[in-house]
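Sequence order for the protein chains is A and B. In this text, residue positions in the first sequence follow our numbering: the first is 1, and each later residue adds one. In this text, residue positions in the second sequence follow our numbering: the first is 1001, and each later residue adds one.
Certain hints may be false.
Dumping the calculated EDC-like pairs for lysine to aspartate or glutamate here, alpha-carbon to alpha-carbon at most 20 angstroms [unchecked claim]:
#, chain 1, residue 1, chain 2, residue 2
1, A, Lys54, B, Asp1101
2, A, Lys56, B, Glu1051
3, A, Lys71, A, Asp55
4, B, Lys1013, B, Asp1101
To give a feel for the contact side, a few chain A residues facing chain B, derived at Cβ under 10 angstroms [claimed, not checked]:
#, residue
5, Tyr36
6, Glu42
7, Ser49
8, Ser51
9, Phe89
10, Ala91
11, Tyr98
Keep in mind the hints are simulated off the structure, nothing from the lab. From the three backbone atoms N, C-alpha and C, an ideal C-beta is built for every residue, glycine too.
Below, each chain spelled out in residue letters.
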Amino acid sequence: DQQVKQNSPSLSVQEGRISILNCDYTNSMFDYFLWYKKYPAEGPTFLISISSIKDKNEDGRFTVFLNKSAKHLSLHIVPSQPGDSAVYFCAATDSGTYKYIFGTGTRLKVLA
Amino acid sequence: DAGVTQSPTHLIKTRGQQVTLRCSPISGHKSVSWYQQVLGQGPQFIFQYYEKEERGRGNFPDRFSARQFPNYSSELNVNALLLGDSALYLCASSHLPSGRDNEQFFGPGTRLTVL
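Please build the complete structure, drawing on both the sequences and the hints.
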């Protein structure tokens, strides 16, 4: 039972344009969501998070949007840069518990 | 500041053997979690330890065990290795075991190959 889904395994975007990565979840108990970026041979690096009491959180070029009614969140990267090319994982947790549930990841390729 | 460190970086074992993986958390972090990432999948939760006590366990067999030491470092042990245990094993640390604004920070992982 995949509680967190990233339905796009890959995405290619031109440098300077917007990258939009999507994530869906099924568990209504999730109240904290995170995005991680992963380069080959490295562990996931925390990017940005959002609590369920918000619908948007922004940090520089990265913005996460949360639509609770649709159980959907998205990560926007503007403008996209070649260094953003990596695998992006969405994760969710019930903040009263101890574990993150990860999606399967989306491989982003930013073309120069 | 040093991030989460893991050792070894790579490991090759044969079926039936036992393996121990090690993790040192970020200084000041008291919670350590272990995840398994197989190719093409996201990380899957195995264990969490906080203040040397197990706080949670994922859906993994009893062949998997872990412990946390007084200095908050941790070991993950896997007995009777199977081919399917081949994966990247990730350690993550955080200040607290759970809660908002308490992100987990990951180490580079240990790549285990079982032949």
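Consistency of the hints with the structure:
1. Between Lys54 of chain A and Asp1101 of chain B the CA atoms are separated by roughly 13 angstroms; this keeps the pair inside 20 angstroms, and the hint holds.
2. Using a Cα cut-off of 20 angstroms, the hinted pair Lys56 of chain A and Glu1051 of chain B is violated, with the two alpha carbons roughly 34 angstroms apart.
3. A hinted pair counts as satisfied when its Cα atoms are at most 20 angstroms apart, and Lys71 of chain A with Asp55 of chain A qualifies at roughly 11 angstroms.
4. At roughly 38 angstroms between alpha-carbon atoms, Lys1013 of chain B and Asp1101 of chain B are farther apart than 20 angstroms, so this suggested pair is violated.
5. For Tyr36 of chain A, the shortest C-beta to C-beta distance to chain B is roughly 7 angstroms, which falls under 10 angstroms, so the interface hint holds.
6. With its C-beta approaching chain B no nearer than about 5 angstroms, Glu42 of chain A sits inside the 10 angstroms limit, and its interface hint holds.
7. Hint status for Ser49 of chain A relative to chain B: holds, with the closest Cβ pair at about 6 angstroms, below 10 angstroms.
8. The beta carbon of Ser51 of chain A comes within 5 angstroms of a beta carbon in chain B, closer than 10 angstroms, and the hint placing it at the interface holds.
9. Hint status for Phe89 of chain A relative to chain B: holds, with the closest Cβ pair at about 5 angstroms, below 10 angstroms.
10. Restraint check, Ala91 of chain A versus chain B: the minimum CB separation of about 8 angstroms is within 10 angstroms; hint holds.
11. Satisfaction of the interface hint for Tyr98 of chain A is found here, the shortest Cβ-Cβ separation to chain B being roughly 4 angstroms, below the 10 angstroms cut-off.
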